[in-house]
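Trainee: Could you build all of it, start to finish, from the sequences and the hints given here?
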Amino acid sequence: MIASFADPQVAEFRLRVRTWLDQAIAPRWREHRSELSPEEVFAARHAWDRQSFDGGYSGLTWPAAFGGQDFGRIEEYVFYEESALAGAPEGLSRVGRLMAGPTIIACGSPSQRDRYLLPILTGDQIWCQGFSEPGAGSDLAAIRTRAVKDGDGYRVSGQKIWVSFAHYADLCLLLALTGDRDARHRNLSMLVVDMHAPGVTIRPIRQLNGRQEFSEIFFEDVYVPDQDLIGPQDQGWQVAMTVLTNERGMLEAATRYVDLSAAVQLLRDTAAASGDADLASRLRYQAGLYTARVEALRWQVMRAVEKEVAGRDWSASMAVLKVYWSELYQEIVATGQNAAGPEHADAWHARYLSSRASTIASGTSEIQRNIIAERVLGLPR
Amino acid sequence: MQVLPSDESIEAASALTDMISKAKPGRQRWSDVAFADRERLWAALAAGQWTLIGAADEAPFSLTDIAEIVMAWGTQALPVPLTPTILVRHWSWGSAAPAGRPLTFAIAAPGGARVPFAQFPDVALIGPAGEVPLPAAGEPREQFDLLMPVPLAQVSVPPLSPAQVTDVCSLALAEAAGVASGVLSDTVQHARTREQFGRAIATFQAVKHHCANMHIDVEIAQAQLAAIINTPAGQDIGPAVTDAFARLRAVVETGVQVHGAMGFAWETGLHFGLRHVIGLGELARQALSQEG
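Protein chains in written order, with the numbering used here: chain A, 1 to 381; chain B, 382 to 673.
Honestly, the hints are just simulated from the structure, not real lab data.
Honestly, I wouldn't trust all of these hints.
Here's a subset of chain B near chain A, in silico, CB distances under 8 Å, partners left out [said to hold, decoys possible]:
1. M382
2. P386
3. A572
4. R573
5. A581
6. I597
7. A604
Here are the computed distance ranges between Cβ atoms for each label pair [said to hold, decoys possible]:
8. R580/B <-> E331/A: 50 to 60 Å
9. T364/A <-> S566/B: 21 to 31 Å
10. D182/A <-> E576/B: 26 to 36 Å
11. Q577/B <-> R356/A: 52 to 62 Å
12. A345/A <-> P441/B: 46 to 56 Å
13. P198/A <-> I391/B: 53 to 63 Å
14. V148/A <-> Q577/B: 21 to 31 Å
15. P441/B <-> Q9/A: 21 to 31 Å
16. P540/B <-> N338/A: 33 to 43 Å
17. F645/B <-> I360/A: 47 to 57 Å
18. A3/A <-> P441/B: 45 to 55 Å
19. P110/A <-> Q577/B: 48 to 58 Å
20. D388/B <-> D70/A: 36 to 46 Å
We treat Cβ as the ideally placed atom computed from N, Cα and C, and that holds for glycine.
Mentor: Quick look at the structure:
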């Protein structure tokens, strides 16, 4: 396992990944992405999961015993950074590979590992994550979707919201109430729900930016067999924390580095196109500061990764990443939105609307700050 | 490339922190007493050979490692020229100077040069060719006077090389990051113990978020420091240095805010942290914009 970014093996691995990406990304995706229909985009993203499996880049840090590549965090970071830089498709297996798979490896039964891990790796099964509810966003322990024991299984009824990939998913990693509502944190269970089972209804959510990337899922007496309970009943909160640790992970920050860099370049392009010399000068100065701030994101991720690999306490360094990149992105985009001329107005407008979700999804900035204050700095609740 | 400091430098930083806590007067992190006691503090550093950190003929620490040690030094915000001494020895300029003497350097400026700690007792101004006569700079009125580089028309020096400018900016930033870490630590402790409305102010979310913001800024400034140290020769570090110092000043400002009216009082001592960060930022700014 590589322990430092200074290790010469990092450059060798980076070159290997880059070479593979070069031949793996379809020319049509690379050069005509904006012309693809939604169906073509779906097909390309789905195919990418199988391509990365065939290329040996699926389950990067999963143990080899479970079909993974046994890479370390540094290799994982390099792979995602290079993929983002190359504009590779984002597969549909993100929830499976980053959340469901590691959770099943850590907390699942041998039967669950046998049934679910390989299809996750190949992309043959797509997963979604059913956690948030209309009444339980930041306060996940307040969920109300209930799983009631019924013979050799459970009957699930309730509603989940803000679910990515729901309209494609085969399976849902679901957090449900199985115990006394007052026994907070000791009344939840993690289940695997068949998204094609009777009683499952999916309704897309139209977002502020006009797109439909999330859905609501309604469960009406959906049957889930006992073999699809992950971990012991009523101990799902601990399982959920495993999932969320992976969700709010450093990999998103690693790929956001590429998005933020592209936004800063768009700011430079906006400056170059501006007929107002003063505005152009201010934008160029601001772009210089933003470049430095974006580079800090990259180094913060690398610091957190190396600390984790070295067994040092990395949680304090990790905690800042989501707040930092999301708020920096909003600031860059707001600057561009305010300064955009006709040539770049559409590009900034689309980014601006989408960016409003950055500080909300995957743990709001307020929750992240509470986590920093309470768990990192030790302030009292 | 070096992302994190070595284990050896982390140990050295911890040892320096221990030494300072025993040597400095009183328990309060920052106070007027440190200014009055500055020569004794320097003597303690010299006795422990901390003044030789980074010297080219000693077991070499990398710049990242030296920064880790300087960061620990910064948590105390002491008015003593350890960082300039480290820089001079790192550049091998001070090899003829006695091991225990405080050293400093000059930054070329319009009409002369700027010299940090020019008013420190017995300090020697060292240039590439050895010691440079240091004209009397007057008696400092307070700690802040010692920190701000003194303009001296009589001093003429060649410009620092780009690598030396990076060294100055990096270690000034490291020391400032240490100051900010110290302020964060004190602010968290204050928030835990200060009670209002029947409970610790740390239980109010607004206060928690202030503290969280301080932590974020300290972490990011440390990441910016790593980026600056590892910036390839010839690339501009100015924006990163500027942004990092603004971030660290914001940490101390927020620390004052969380302390409320007490934060604004001289006796609480947070102003030492604020002035220290400002002084270090000025040193970096002058190095970046030096003449020649």
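Trainee: Compare the structure with each hint and give your call.
Mentor: Hints and how they fare:
A cut of 8 Å between beta carbons decides the hint on M382/B: the least distance to chain A is about 5 Å, and the hint holds. At a threshold of 8 Å, the smallest CB-CB gap from P386/B to chain A is about 10 Å, leaving the interface hint violated. Checking A572/B against chain A by beta carbon gives a least distance of about 6 Å; that is within 8 Å, so the hint holds. The closest approach between the C-beta of R573/B and any C-beta of chain A is roughly 7 Å, which is under the 8 Å cut-off, so the hint is satisfied.
About 6 Å separates the beta-carbon of A581/B from the nearest beta-carbon of chain A, less than 8 Å, and the hint is met. Among the interface hints, the one on I597/B holds; its C-beta lies about 4 Å from the nearest C-beta in chain A, closer than the 8 Å criterion. A distance limit of 8 Å between C-beta atoms decides the matter here; for A604/B the minimum to chain A is near 4 Å, and the interface restraint holds. R580/B and E331/A have their C-beta atoms about 34 Å apart, which leaves the hinted 50 to 60 Å range violated.
At roughly 27 Å, the beta-carbon separation of T364/A and S566/B lies within the given 21 to 31 Å, and the hint holds. Between D182/A and E576/B the C-beta distance comes to about 31 Å, which sits within the given range of 26 to 36 Å. For the hinted restraint 52 to 62 Å between Q577/B and R356/A, the CB-CB distance of approximately 35 Å leaves it violated. The hint said 46 to 56 Å for the Cβ distance between A345/A and P441/B, and at roughly 54 Å that hint holds.
Hint check: P198/A to I391/B, Cβ distance near 59 Å, so the stated range 53 to 63 Å holds. Distance hint check for V148/A and Q577/B: the Cβ-Cβ separation is about 47 Å, which falls outside the suggested range of 21 to 31 Å. Against the hinted window of 21 to 31 Å, the Cβ-Cβ separation of P441/B and Q9/A comes to about 25 Å, which satisfies the hint. Roughly 39 Å separates the CB atoms of P540/B and N338/A, a value that falls within the hinted 33 to 43 Å.
In this structure the hint that F645/B and I360/A lie 47 to 57 Å apart at CB is violated, the actual value being about 36 Å. Taking 45 to 55 Å as the suggested C-beta distance range, the pair A3/A and P441/B does not conform, at roughly 21 Å. Hint check: P110/A to Q577/B, Cβ distance near 55 Å, so the stated range 48 to 58 Å holds. The hinted range of 36 to 46 Å is not satisfied by D388/B and D70/A, whose Cβ atoms lie roughly 26 Å apart.
In the structure shown, a violation is registered for the earlier hints numbered 2, 8, 11, 14, 17, 18, 20, in ascending order.
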